[in-house]
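Each chain is listed here by its residues.
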Amino acid sequence: MSSVTCIELIAFLDAYVDDELDADTRAGFDRHLLVCPSCRAYLETYKETIDLARGAAEREEDLAHDAPPELIEAVLTSKSRRSKS
Amino acid sequence: MLSSTTERVTLSGMLADDGYLIERLRTGDDTAFEELVDHHAGPLLAVTRRILRDEEEARDAVQETFVAAFRGINAFQAESRVSTWLHRIAVNCALMKLRIRERRREQDVDALLPHFQADGHQDHSSVSWSESAEEILQREQSVALVRQCIDQLPESYRVVLVLRDIEQLPAGVVAEKLQITRDNLKVKLHRARQALRTLLDPHMRGAM
Chain A
1 MSSVTCIELI AFLDAYVDDE LDADTRAGFD RHLLVCPSCR AYLETYKETI
51 DLARGAAERE EDLAHDAPPE LIEAVLTSKS RRSKS
Chain B
1 MLSSTTERVT LSGMLADDGY LIERLRTGDD TAFEELVDHH AGPLLAVTRR
51 ILRDEEEARD AVQETFVAAF RGINAFQAES RVSTWLHRIA VNCALMKLRI
101 RERRREQDVD ALLPHFQADG HQDHSSVSWS ESAEEILQRE QSVALVRQCI
151 DQLPESYRVV LVLRDIEQLP AGVVAEKLQI TRDNLKVKLH RARQALRTLL
201 DPHMRGAM
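Here the protein sequences line up with chains A and B, keeping their order.
First residue of the first sequence: 1, per our numbering; consecutive thereafter.
First residue of the second sequence: 1, per our numbering; consecutive thereafter.
Chain B extracted, bound-state conformation:
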């Protein structure tokens, strides 16, 4: 693998190394494309895996990302970062696959939301977890457990959580990509977080 180069930021905010790379890509320099793929394929695969949960589809989405990037190299905006540009293309490619994938019957998320008594108090008292997120994530098995819990969320809630809380895309962008209103997105994200909290809770109360 090629070693990553030191990133230098120019006054315009664009990385100087990005600028040189884009210039070479536009002139048809094959080694520049190899560098682009070598440097970005890994992180992009992680993104498409998170969205699609299917290795083959995730790899296809990465391949399509680079094809789309190669085709659209002249449209690349100089003020952007290459990694941000590729990330957006990868998310689009993965979401396209998600849409055309035969939709599984959407499970109800209600069972994973907190329940309340008639007087508005919580049905079951919540208790703090025994360790901080940072401490929990020191263990590889905990990382895998968090992933498994995220994967148990109903599809439309899981995708909202991945795009907003993990990929950290702006709300307007996610609402547009998922073709839902911003209000609907907000409700879904809150429910997704609550449902994930419910799934994690029994594991996090005691030491894992």
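Isolated chain A (complex conformation):
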């Protein structure tokens, strides 16, 4: 890829992040990133978005790990009913 524009880089940013581009295309992306602070910031915040989505879910699980007692009870009652039938 000779001269990459912002629109091309952002359209294939997922492939860049996941390392799915061929060597030439990747080199073209790297050259664009060197001279375009806006795309560098976009790439950085795109990756951070993925980290935030994943990290927030993990933190939520840490904050509320236990299931409500009434749910546990409902599952056990449901199983007990099925065992008898």
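Just so you know, these hints were derived from the structure itself, not from any lab.
For clarity, every value in this text was computed on a predicted model and none was experimentally measured.
We treat Cβ as the ideally placed atom computed from N, Cα and C, and that holds for glycine.
It is possible that some hints are incorrect.
On the chain A side, residues computed to face chain B include the following (Cβ under 10 Å) [what the hints assert, rightly or not]:
| no. | residue |
| --- | --- |
| 1 | 33 |
| 2 | 50 |
| 3 | 78 |
| 4 | 80 |
We have chain A already, so just place chain B on it with the hints.
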């Protein structure tokens, strides 16, 4: 609550404690089922909540997960982990509910995607965020804000992001579950991430 036991991995990759638990479940040991529910209900509820965004439906999905697990205990593959097996059942139960739920009118995601000038440059320059994801997530209010932004995504994009980036299911599995092609899944995931980035951007530029 029962305390979690130390997990020991056998040569086959299966957890030794899992093996013992499955053996007891297959012989109809009620206390084994209680242990299974007690240990896994919490994490499974977190998964179904993320997919369904409705507490009652999320709890129903967990209940159905354990019923399905109990019924299918003989089909459990010895090389799997119990947590992975239950996770897959829970995702299936939640997606089933999502399908039968009356579909809300799908909003367009285009407004949340970046815009460009005629020469291919970004319409508005992007800027870095002031803190790393790790620093941001130290604050409970930020965790809630990220959750709110994810919940604002149009449904089909939100589900793709939850299953791929949060639950980390393989692309082939997600495409099959959602009955879309892998190419379509890839496009949707990229758009979902971009849309979420747009929603987070005004909050993350300055200190929250």
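Status of each hint after checking the structure:
About 12 Å separates the beta-carbon of residue 33 of chain A from the nearest beta-carbon of chain B, more than 10 Å, and the hint is not met. Here the hint on residue 50 of chain A is kept, as its CB sits about 5 Å from the closest CB of chain B, short of 10 Å. Using the Cβ-Cβ criterion of 10 Å, the hint placing residue 78 of chain A at the interface with chain B is satisfied: the shortest such distance is roughly 6 Å. Below 10 Å, beta-carbon pairs count as interface contacts, and residue 80 of chain A has one with chain B at about 8 Å; its hint therefore holds.
Violated hint for the displayed structure: number 1, the only one.
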